[in-house]
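4 protein chains.
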Amino acid sequence: MFRPLDEEKVFKDPVHHSIYVQDATIWKLINTPEFQRLRRIRQLGTTYLTFHGAEHSRFSHSLGVYEITRKIINQFERNGYKDWPQEEKMVSLCASLLHDVGHGPFSHAIEQVFDTDHEEWTCEIILGDTAIHRVLKEADEQLPWKVASVIRKTYDKPIVVSLVSSQMDADRMDYLLRDAYFTGVNYGTFDLDRILRVLRPHQGQIVVKESGMHAVEDYLMSRYQMYWQIYFHPVTRSSDILLKKIFRRAVELRASRHRFQFMLPSLQQLLEGKLTVEGYLSLDDNVAFTAFSQWAHEKDELLSDLCRRFLDRQLYKYVQLETMDLKLIEDLRGEWSRIGLHPDYHLETDTVVDLPYDVYKPGTETGASEKPPILLLDEKEQVTEISAKSDIIRSIAGIHRGKYYVYYPEELLISRADRLQAHTRELFHL
Amino acid sequence: MFRPLDEEKVFKDPVHHSIYVQDATIWKLINTPEFQRLRRIRQLGTTYLTFHGAEHSRFSHSLGVYEITRKIINQFERNGYKDWPQEEKMVSLCASLLHDVGHGPFSHAIEQVFDTDHEEWTCEIILGDTAIHRVLKEADEQLPWKVASVIRKTYDKPIVVSLVSSQMDADRMDYLLRDAYFTGVNYGTFDLDRILRVLRPHQGQIVVKESGMHAVEDYLMSRYQMYWQIYFHPVTRSSDILLKKIFRRAVELRASRHRFQFMLPSLQQLLEGKLTVEGYLSLDDNVAFTAFSQWAHEKDELLSDLCRRFLDRQLYKYVQLETMDLKLIEDLRGEWSRIGLHPDYHLETDTVVDLPYDVYKPGTETGASEKPPILLLDEKEQVTEISAKSDIIRSIAGIHRGKYYVYYPEELLISRADRLQAHTRELFHL
Amino acid sequence: MFRPLDEEKVFKDPVHHSIYVQDATIWKLINTPEFQRLRRIRQLGTTYLTFHGAEHSRFSHSLGVYEITRKIINQFERNGYKDWPQEEKMVSLCASLLHDVGHGPFSHAIEQVFDTDHEEWTCEIILGDTAIHRVLKEADEQLPWKVASVIRKTYDKPIVVSLVSSQMDADRMDYLLRDAYFTGVNYGTFDLDRILRVLRPHQGQIVVKESGMHAVEDYLMSRYQMYWQIYFHPVTRSSDILLKKIFRRAVELRASRHRFQFMLPSLQQLLEGKLTVEGYLSLDDNVAFTAFSQWAHEKDELLSDLCRRFLDRQLYKYVQLETMDLKLIEDLRGEWSRIGLHPDYHLETDTVVDLPYDVYKPGTETGASEKPPILLLDEKEQVTEISAKSDIIRSIAGIHRGKYYVYYPEELLISRADRLQAHTRELFHL
Amino acid sequence: MFRPLDEEKVFKDPVHHSIYVQDATIWKLINTPEFQRLRRIRQLGTTYLTFHGAEHSRFSHSLGVYEITRKIINQFERNGYKDWPQEEKMVSLCASLLHDVGHGPFSHAIEQVFDTDHEEWTCEIILGDTAIHRVLKEADEQLPWKVASVIRKTYDKPIVVSLVSSQMDADRMDYLLRDAYFTGVNYGTFDLDRILRVLRPHQGQIVVKESGMHAVEDYLMSRYQMYWQIYFHPVTRSSDILLKKIFRRAVELRASRHRFQFMLPSLQQLLEGKLTVEGYLSLDDNVAFTAFSQWAHEKDELLSDLCRRFLDRQLYKYVQLETMDLKLIEDLRGEWSRIGLHPDYHLETDTVVDLPYDVYKPGTETGASEKPPILLLDEKEQVTEISAKSDIIRSIAGIHRGKYYVYYPEELLISRADRLQAHTRELFHL
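Protein chains in written order, with full-length UniProt numbering: chain A, 1 to 430; chain B, 1 to 430; chain C, 1 to 430; chain D, 1 to 430.
No lab work stands behind these hints, which were simulated from the structure alone.
Hints should not be assumed to be uniformly reliable.
Pairs count within a copy or across copies, as identical chains cannot be separated in the list.
Unchecked claim - Taking lysine to any residue pairs in the SDA-like style, the calculated list, with each CA pair at most 20 Å apart, reads:
#1 Lys299 - Gln268
#2 Lys153 - Gly402
#3 Lys28 - Asp418
#4 Lys157 - Gln421
#5 Lys9 - Asp344
#6 Lys403 - Asp378
#7 Lys9 - Asp378
#8 Lys71 - Val383
#9 Lys82 - Ser18
#10 Lys82 - Val383
#11 Lys71 - Tyr20
#12 Lys71 - His17
#13 Lys28 - Lys317
#14 Lys244 - Ile73
#15 Lys89 - Leu5
Here the structure is a predicted model, which means the values were calculated and not measured.
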């Protein structure tokens, strides 16, 4: 079972100052190879190519999510709120610590190319033949399955799920503050202390004392800004596009029995869509980068060019479109072929639309996020969905906005500009 | 020649808020493959295993050194100080940007094992067949050699050398602030704005207006604290020891014609002491980590164990000694052999003494640092070495302090504790 | 005429770090008795009774407005924008420094009771027989009148007016940051550096480069939060109500020839509505407080009670109403009389509605603010009002929101609660 | 007896973010007129004339000292340290909250002129006929006397005294951080969280876990810097000198039966040395400033000139001396008389020497501070005075340094410069 450490361990953390570990199981989980591996996976994938400070890892974020969860539960216990099920503390802490353990290198890009899902990998790692599994099981026979069901949002205590996964969960609160800190922008800062103080367990949910409404508004605005300033930055999207094209080309080459001069077993599993847990766990940013640096010397010109571009940050340029005009794209692809560029590799479109829905979407059952809404608790113990009371949240909840881009290798296009049609030249400012 | 950019470029930086690039040559240098490679080399080597935030790269530090140098020169130009040679601006900026371009992965560990020198590599990269060399030469035929001589401290304008290399140079000012920011400690903060405001060019040197003396004291105290809290932290030293042992074992194996299951050309050059510039440039943290993760499966048990320890952060433990007792160490080595541990790999000593000399060392000509002292300029234009005026600096300049440690694999020792002599068990708290 | 100081003067400022004075006229203005008097007037009136850190003076704010203006002009000059009229620098700096010099103690309360206007006093001080007038005139015969017309927004160069008075002027930028700093909230922080970098002079206006749109959104959201969290805080409003009642009672007593045991010439002028410039300048927070502390011993019970309450922070309590129901208020006044409370002094209503209009009000000519809208400048040099491009600003511009309160002395009401009607008791939670 | 509040009260504080009040007695003490009066007394006296941000009051500092004490005790209770006498919590909290309640306006200046002592006044207020006394007594009959004996350092539990009064007490920790925050310097920042974490109750003393030694070094260095940069700043000393001369002149005039045009009962008590508790409590910064502004129109030229100077910040200038040469001062006084200046009012000397002793003075029993030294607790539960282990503290403890100044009205001296002796002109740079 659980037992406190003789002396609490403290991690120095730039965002939360100190992170306190007081339980032996948490301490052991942090020291498993699977958790230490998160040190080798950047939290923000390729964002460091746009904001050079964004070099922090999923390790520090995972500790941060744990710490916020610990503080929330602490507050609940200190005030003796009866709606908080005290026996769920360790499940909550373990789930918050481990929720990202299934991330691989550049997850978003890889998930799109290989159709994998980091949450599923998280569960496989928790339930598989791993040190994490053994530590959890040692503490409580059922713990691995409990934690996995929290990750899958099927745990029978929804209040535990909402700690780790809701419109204002420990995960989001940590990453907004952490990503703001490391990129150096101050859009993402909000008053964490105040929010933690106004959270209340209430009938199986986490709600917010009404007096904290403005702090929540501030949090949601920070989120809005971080998405448009950082996460959706077109230069980062451009880096992601390169990444995806590298992997797509490697899959093609593998399928066509290309003999790679450099290959590792786990990479091979990845390219063939046959990843084992062990293989997945041996993938990290270092393996990906080493592959790119070696593949930069492969004979296949598309692959080597893409790899070199990624390493040397010679990214594709972009132009913004008013709307995603499919006819236009089809025409461009034709023209690309005509002038000797590869329409699949030298052209890419990108549509950014998911935020408005995600910022806050009250009252719907289905959708991309499916995360429970933020609820206010008034003095009469009545619960109200926040956009019914906050003008500002109601206003931004209705915002629906998209941005549309076309990405391309600028210097290749310039070198063939005279063969392009006039209106294409104009579109690309040539 | 040099020409300003049409529009200045701005990097968002968490330490300096904004970093301004106003000259086309600087912009091109930043975009060379050799400079972008610095993104793949951690500024603080293995320190992230002690302070998890310390994941920042030499890329951001190099930009920071450039920015501080730019600000200093800006202030000199704005005030029209006649002792500042205006024609040296670009040499200074290029040297400050490039001063660390010769760093490899985990430099301190690798330099000790392979007896290389990152400053020498910096010069080879600047003078070799590289994109950096071409950009510099394009701006001014002599520029590569000028910049290299600044790095080597032989440039005939010592004031330029002292910008990049002195007891209070742009390099140190940036790394103290940056390392403090990313580790999250606040020992390392000092009033950079104020220091920049009181610097003056004076007869071929950079001096400090006397009214800024207390700000310099504060800077030196920050430095003292950063060294003992961060840079000399015994857990970081333990990680470095593992690293060095990994490389040492790999060299031994290579020398004995061991057939590595994983090898890359540049690693092979490294292990054989035959690094070319091209080979050196292809080494980075990712290659090192990928090697370790593959070597963790090598048949040689020493190598695979060391690699696994490093990846999973199963570091050697340490005990502190009153003094470095060579007789004791010799006895321990004997005992290690006796109980079946490898004295070369399962035991290491470490002495930390270099700081006191480095904190501030007035009035000596020779020594480890050989960096010019900090000089105060009084109202009568007289220059005085700072420790003659500052009680606090005079006091700490005299401090000579060493710490002594023995590192070892704890669980191996515990498993054989009953075969150890009593006083050894006591020494290691067994 | 203007001449630079031999050596620039630097004020240490917690918000801007350093404030630089480079011109002799600015330096002399700061050292006039009229400007030094701003040290004795709190920037936020009674807000310190709600947020105890808000004890900063109009002196530091005025320096801050000057510094932001200086930085904006500096950027314009550095980049050589032709739309910036360089000869207007000194007028702009003087106007920004002096724009609040006509503030008196607790301006908002006093202006409402005595129907004065601090902007008018500012002009009278600039144009009257004062040290400020002499310093300005010494620099340029026309300067006092130029500066006054900037304050009055009638200056013939609207770009100068907009620096000091617009929807995003130096005044607002400083007070949001400063008030956030001193109260300790972090709602009010936004990225000043970034905003300063994207401002451009353009055809007689100050516009914002389109790439800075998100930074402006962030600034407006900070403003929104500061208004509802700080400036409109009901406890501060309660303190203001006490203040206004004190002055109202003193005017009544004076009109009825009450013989005050404590009086000063300037106070007498104030109560009689006959303030001279000299009299006005001798009013400050200290005089007001000293009067209150002495009047706390006056025989008139209403006055002495109000003064004691203000000094000892025994404020009126409040209840919030759904709407401002005039019939209800009239009923309450009747009931107050019936139970022996004074309806004019023991009851007050307060409606807070001005913000939504002020947050941002595009496209209207008249209104409370009458401040020019924020304009975006796109790459084709086209100017667009910001809410046409920013979803978020368009959303909040439409928000119209009011809050309604009734204030009263709680312990007096409690002591007579049994004589109140049932629904009144309910309203006041008795 | 003590009882917790139904709901804890939270003050927003810029230094500690939040200050928590959980007990009804503390809440009532804060709301007494005597404690609210601290809002009208600046924490740093005249320092705001040097650092304009230093306008914060003793009210916010007192809350801060309370909060730090609360956090220390919290940590002791949370960890269940047996050497902490739990029953002393309320005495400790009350004493920390009230320790400065006896401060008057510009205490340091007034204490020197009138030979009063703010600690003695604190005790008189706690024991006298005051609301504070009644609140304390209501909680516990003996509490007023207990709290007063803590203030007087005679309480029979020295561990309680050392919380409020030692070389590293809650008082000092708060004022260093607070004064640094409001002045805007960053010399005064140290890692409060870390220090609070390493404090331990041990055999009737508060000691520091040895691992926290470097944090203590950092705290002491901050202190050293704050003293020389802020507290001993010669411009602040100059303002204090004006203040003292104003009071001295007023006493003289009062003694010679001068008829003041402006006088208040409490001021009269002060000038005659007959202050009652009630009179003392009605003195605050506002009364002092109002008196100065009125006395600026007194007929006595010395008094009116001094008052005008203080209000308009026309301070005396200063020159620094190598040593305090009494013969030189005597000569200057003679020369002052000869040229028609008043040697008592137009000349003042100032010696600043107290710091070195105060920074840290181990091992002595008597002296200016008489505050217990800082003790380290090692792993074997041995206690050692810190300078025995810390090189840096040992070094600075030995520093003995004085600065010597002469202050004078510059423009008066300039106007008579031709009548001065040559070497005097030289001394004053005329």
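Here is how each hint holds up against the structure:
Within a single copy, Lys299 and Gln268 get their C-alpha atoms as close as 18 Å, which meets the 20 Å cut-off; across copies the closest is 22 Å, which misses it. In this assembly of identical chains, Lys153 and Gly402 lie within 20 Å of each other by CA distance neither inside one copy nor across copies; the values are 29 Å within and 40 Å between. Taking the shortest alpha-carbon separations for Lys28 and Asp418, neither the intra-copy value of 64 Å nor the inter-copy value of 27 Å comes in at or below 20 Å. In this assembly of identical chains, the alpha carbons of Lys157 and Gln421 never lie at most 20 Å apart, being 61 Å within a copy and 47 Å across copies at closest.
Taking CA atoms no more than 20 Å apart as the test, Lys9 paired with Asp344 passes in neither setting, with 51 Å inside one copy and 32 Å between copies. For a Cα distance limit of 20 Å, the shortest separation of Lys403 from Asp378 across copies, 17 Å, qualifies, whereas the shortest one inside one copy, 38 Å, does not. With identical chains, the CA atoms of Lys9 and Asp378 are at most 20 Å apart between copies only, with a shortest distance of 18 Å across copies and 38 Å within one. Taking identical chains as interchangeable, the C-alpha atoms of Lys71 and Val383 are never at most 20 Å apart, the minima being 23 Å within one chain and 34 Å between chains.
With identical chains, the CA atoms of Lys82 and Ser18 are never at most 20 Å apart, being 28 Å at best within one copy and 25 Å at best between copies. Taking the shortest Cα distances, Lys82 and Val383 sit within 20 Å of each other inside one copy (17 Å), while across copies they are farther apart (44 Å). For the homomeric pair Lys71 and Tyr20, the shortest alpha-carbon distances inside one copy (10 Å) and between copies (16 Å) are both at most 20 Å. In this assembly of identical chains, Lys71 and His17 lie within 20 Å of each other by CA distance both inside one copy and across copies; the values are 13 Å within and 16 Å between.
With identical chains, the CA atoms of Lys28 and Lys317 are at most 20 Å apart between copies only, with a shortest distance of 17 Å across copies and 46 Å within one. Within a single copy, Lys244 and Ile73 get their C-alpha atoms no closer than 40 Å, and across copies no closer than 43 Å, so neither meets the 20 Å cut-off. Taking the shortest Cα distances, Lys89 and Leu5 sit within 20 Å of each other inside one copy (16 Å), while across copies they are farther apart (27 Å).
In terms of the numbered hints stated before, the structure departs from hints 2, 3, 4, 5, 8, 9, 14, listed from lowest to highest.
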